[in-house]
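Trainee: With these hints in hand, go ahead and build the complete structure from the sequences.
Single-letter residue listing:
Protein chains: 2
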Amino acid sequence: MAKRSVSIEGALVALVDEKKYKTVKDILVTMNPADVVSVFEDMEPDRVQLLFRMLPKETAADVFVEMSPENQQMLIKGFSDVQLKEFFDELYIDDAVDIIEEMPANVVERILSQADPQARKQINEILRYPENSAGSLMTTEYVSLRPEMTVSEAILRIRRTGVDKETIYTCYVTQKNKLLGFVSVKDLLVSQNDNATMEEMMDTNVISVNTFTDQEEVAQMFSKYDFIALPVVDTENRLVGIITVDDAMDVMEDEVTEDFSIMGGITPSDKTYLRSSTLEVFKRRIPWLMLLMVTATFTSMIINKFEAALAAQAALTAFIPMLMDTGGNSGSQASITVIRALTLNEIDFKDIFKVLWKEIRVAVLCGLALSTVCFLKVWFIDRALLGNSDITLLVAIVITLSIAVTVFLAKVIGGFLPMVAKKIGFDPAVMASPLITTAVDALSLLVYFGIATMLLFK
Amino acid sequence: MAKRSVSIEGALVALVDEKKYKTVKDILVTMNPADVVSVFEDMEPDRVQLLFRMLPKETAADVFVEMSPENQQMLIKGFSDVQLKEFFDELYIDDAVDIIEEMPANVVERILSQADPQARKQINEILRYPENSAGSLMTTEYVSLRPEMTVSEAILRIRRTGVDKETIYTCYVTQKNKLLGFVSVKDLLVSQNDNATMEEMMDTNVISVNTFTDQEEVAQMFSKYDFIALPVVDTENRLVGIITVDDAMDVMEDEVTEDFSIMGGITPSDKTYLRSSTLEVFKRRIPWLMLLMVTATFTSMIINKFEAALAAQAALTAFIPMLMDTGGNSGSQASITVIRALTLNEIDFKDIFKVLWKEIRVAVLCGLALSTVCFLKVWFIDRALLGNSDITLLVAIVITLSIAVTVFLAKVIGGFLPMVAKKIGFDPAVMASPLITTAVDALSLLVYFGIATMLLFK
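Protein sequence lines, in the order shown, are assigned to chains A and B. Under my numbering, the first residue of the first sequence is numbered 1, with each subsequent residue one higher. Under my numbering, the first residue of the second sequence is numbered 1, with each subsequent residue one higher.
Calculated directly from the structure, the hints in this document are not laboratory data. Incorrect hints may have been included.
[Said to hold, decoys possible] In silico BS3-like links for lysine-lysine, alpha-carbon gap of 30 Å or less:
hint, chain 1, residue 1, chain 2, residue 2
1, B, K354, B, K422
2, B, K186, A, K176
3, A, K271, B, K350
4, B, K186, A, K57
5, A, K25, B, K186
6, B, K178, A, K186
Mentor: Put into C-alpha cells, the structure is as follows:
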C-alpha cells in the first residue's frame with residue numbers, strides 16, 4: 001500500500017509542476033479518499049491546497065475529514081465564506097463536529113456562523129457531550145420510521161430521505177422520539193408482504209447506549225453484537241443519534257494504541273509517531289522514566305542495607321539482575337494477560353478469586369520449573385563449568401529459593417493489581433509493566449536478602 | 001453487561017430446575033444471541049444442551065457460531081443427522097467453515113456428509129486456503145449483479161436472492177466472474193432513475209484483496225477505508241468471495257490480543273484466559289521465562305568479571321538496578337511506539353532513518369534530563385541526605401554518564417530492532433519488551449563498568 005502511494009505522490013508532484021492539471025484530475029478521480037489522504041500527508045502545504053481544489057466534490061469531503069488538523073486548518077483559511085458553507089453542508093454532522101473539536105476558537109466561530117441554523121443546533125448539541133462519550137461520537141442523521149408505516153411506505157421514505165444519512169441500513173422505529181425497535185433494510189427488501197407494518201416487523205429487543213456511555217464500551221458492543229449501527233438514547237429512552245461501525249473501529253484502534261502507550265510508560269496522544277515533534281515525544285516519555293528512576297532509590301537503599309552481606313558473599317551480587325528480570329517478566333506476563341481479559345470483558349472484578357487461584361497454580365508450576373533449571377544452571381554451569389568457586393551449595397540454594405518465591409509473588413501481584421485498579425476506577429493498564437516491574441524489583445531484592453540472611457548469616 | 005448476564009443466568013438455572021420451560025422460552029426470545037452465549041459460558045453442559053433446544057431457530061444459529069468449540073462439539077453429538085443437516089443449512093458458509101476448523105476429524109466427516117453438495121463444495125474450497133488468509137475468512141455468499149441490469153432489475157434481484165446472503169448492502173458487478181465494480185444498496189435505493197444500468201452506476205475503482213492476503217492487512221483495510229464489505233479475488237481478478245466488517249473486527253481483536261501476548265513474552269492462543277487450563281497457561285508462559293533466565297547468565301558473567309572493581313567501589317553495586325531499569329524502560333518506550341506505528345502502517349522500512357533520527361533526538365533530550373536529575377539525586381539525596389559516604393564525585397559522574405549513554409543506546413536499539421525485524425519478515429512484537437530489555441541489561445552493565453574502569457581504575 002505505502003509503496004503505491006509514494007510512487008503516485010511523486011507522479012502527482014511532477015505533473016503539478018508541469019502544470020498538467022487535466023492529467024492530475026484524471027488520476028485523482030480514480031483514487032480512494034483514504035489513499036489521497038496518505039499522499040497528502042507527506043506533501044508541502046501549497047501542493048495540498050492546489051490538489052485539494054482539483055478533487056471531485058464527493059471525494060473532497062471524505063478526504064478532508066481524514067486529514068491532519070494542521071492541513072484542515074490551512075484549507076479552511078483558504079476558503080471563502082460561501083465555499084466554507086457549501087463544504088460543511090456536504091459533511092455528516094459527526095464528522096463536522098470532529099473537525100470543529102480540533103480547530104482554534106476563531107476558526108470554530110467562522111464555521112458555526114456559516115452553518116445553517118439546523119446544522120448549527122445539532123453541532124452544538126453534540127459538542128456539549130463529554131469527550132470520549134457516545135454522545136460525542138454519534139451522528140444525528142439517521143432514518144427513523146413510524147410504527148404504523150408499511151414496508152412500501154418505509155422503502156419510499158428511505159428512497160426519499162436516505163441520501164443525507166450516514167447509514168440507511170438500520171432504520172429505527174420511533175414514536176414521539178421514543179425508541180421502539182429497529183428494522184434492517186435487508187428485512188424490508190426481502191419482505192414477502194409489502195403491507196406489513198413496522199410495528200409487526202420491527203425487532204423490539206433493541207440494544208442501545210446512553211449518550212454518556214464511554215466510547216470504549218461502545219466499541220466493545222460493536223464487536224460483541226456484530227452491529228453496523230448502534231442507537232444512542234437519552235435518559236428517557238428518546239433516540240438522539242446513532243453510531244456507525246466505521247467510527248467504532250476508529251475508537252477501537254485509538255483505545256488499543258492508548259493501552260500500548262500506557263503499558264510502555266508513555267503518555268498517550270492522538271498524534272501519530274512521525275507527526276509528533278521531538279519535544280512532544282520527549283514530553284510524553286520523560287515523566288515515567290523520571291518517576292521510575294527516582295523510585296529506584298528504594299532498590300539502591302535495599303542493596304546498601306545489605307552491603308556487608310554482599311561483601312561477605314561476593315557471588316550473590318552477580319545474580320541480582322537475573323532475579324529481578326525473572327520477577328519482572330513473571331509479573332508482566334500475569335498483568336498483561338489480566339489487563340487484556342479485562343478490556344475484552346472476559347473477566348470482571350467478581351472473578352478475582354478465580355484469577356488469583358489460576359495465577360497461584362501457574363506460579364507454582366513456573367516457580368518449580370524455573371528454580372529447578374536455575375539450580376542446575378548455577379551448580380553445573382556457573383560453578384563447575386565457569387569455575388566460580390564462590391558458589392557454595394548454600395548460595396545455590398539461596399538463589400534457587402529466591403527465584404521460586406519471587407516468581408510466586410510477582411504473578412500474584414501481576415494478577416491482582418490490574419483487577420483492583422479497575423475496581424477502584426483506574427485504567428488497569430497504568431498498573432502494568434513499568435509500575436509492577438518496579439514493585440517486583442524491590443520485593444525480589446528483599447526476598448533475596450531475606451533468604452540469604454536466614455540461611456547464610458544466621 | 002456482565003452483571004446483567006449473571007443474574008439472568010441464575011434465573012434461568014432456577015427456572016429450568018423448576019421445569020418452568022414456558023417462562024424460560026419467553027426469556028430466551030428477548031435475549032440477544034451474544035448475551036445468550038455469555039450466559040452459556042459458565043453453565044454446565046447438560047443445562048446448555050437443554051436451553052439450546054429451547055432457543056428460537058434464528059437465534060440458535062447465531063448463538064452456536066459464537067460458542068466455545070467444546071460446547072459446539074457437545075451439541076453436535078446430540079444432533080440427529082437430519083437435525084445436523086437442517087442446522088448447518090441455516091449457517092453462513094464462512095461461519096460453518098470456522099466451526100469445522102475447530103472440530104475433530106470424525107465430527108468434520110459427519111458434518112460434510114450431511115451438507116448439500118453445493119455447500120460441501122464451497123466449504124471445501126474455503127478450507128483449502130491457508131489459516132489467517134483472506135480466503136479462509138471470506139464467505140462465498142454475496143450478491144452479484146450483471147453490468148446490463150437496470151436499477152429496478154437489480155433491486156428485484158436483491159429482494160429475491162438477498163435472504164441467504166450475509167450482507168446485501170454492497171453488491172458486486174461481475175461479467176464472466178470478473179469483478180468490474182460495485183454499487184451500494186443505498187445508491188440503488190436513492191437513485192432518481194430506475195432505468196440506469198449497473199454499468200453506468202457502478203464504481204469501477206474497486207479495492208479488493210487476494211485470497212492469500214494476510215488477515216491482519218484485511219482488517220487494516222477495513223479501518224482505513226471504512227468498508228462494510230471487501231471483495232476477495234483470485235489471481236485472475238475473478239470474484240470468489242467477500243469479507244464482512246464483523247469478521248474484520250474479530251480479526252482486529254485477535255491480532256491485538258496476539259500482539260499484547262507476544263510483547264508480554266507469552267505464546268499467543270485463541271483460548272480466553274479463564275477457559276485455558278493451568279497447564280496451558282504455564283506452557284504458554286514458561287518458554288520465555290526460561291530463555292530470559294538462562295540468558296541472564298551473561299549479566300552474571302559481566303558482573304563477575306568486574307567483581308574486583310565492585311569490591312573496591314562498594315557504592316557502584318547499589319545503582320545496578322536503577323541503571324538497568326532506566327535502560328530497559330527507555331528501550332521499551334521506543335520499541336512499543338515503533339511497533340504500534342508499524343502495525344498501523346504509519347511507518348514503513350523506508351522511514352528507518354526518520355525513525356532513528358527522531359529516536360536519537362528524543363534520546364539526547366531524555367538522556368540530558370535523566371542524567372541531570374540522576375546527578376542531583378545521587379549527590380544531594382543518596383550522599384548528603386542518606387549519608388552514603390562511599391559516593392565520591394567521580395562515582396557520581398560515572399553513574400550519571402552511564403545513565404546518559406545507556407538511555408541513548410536503549411532508545412536507538414528499541415527503535416531499530418522492530419523495523420529490522422519487520423523488514424526480514426519477523427513479527428516486530430517478538431523483538432519487544434523481554435528481548436530488548438535483556439539486550440539492554442547486558443549493554444547497560446558493559447557501559448557502566450566500562451566507564452567506571454576508565455574513570456575510577458585507570
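Trainee: Against this structure, judge whether each hint is valid.
Mentor: Hints, verified against the model:
1. B/K354 x B/K422: Measuring from Cα to Cα gives roughly 16 Å; hence the hint holds.
2. B/K186 x A/K176: holds, 27 Å
3. A/K271 x B/K350: Answer holds: A/K271 to B/K350 is near 20 Å, not above 30 Å.
4. B/K186 x A/K57: holds, 19 Å
5. A/K25 x B/K186: holds, 27 Å
6. B/K178 x A/K186: holds, 26 Å
The structure fails none of the hints (numbered hints given earlier).
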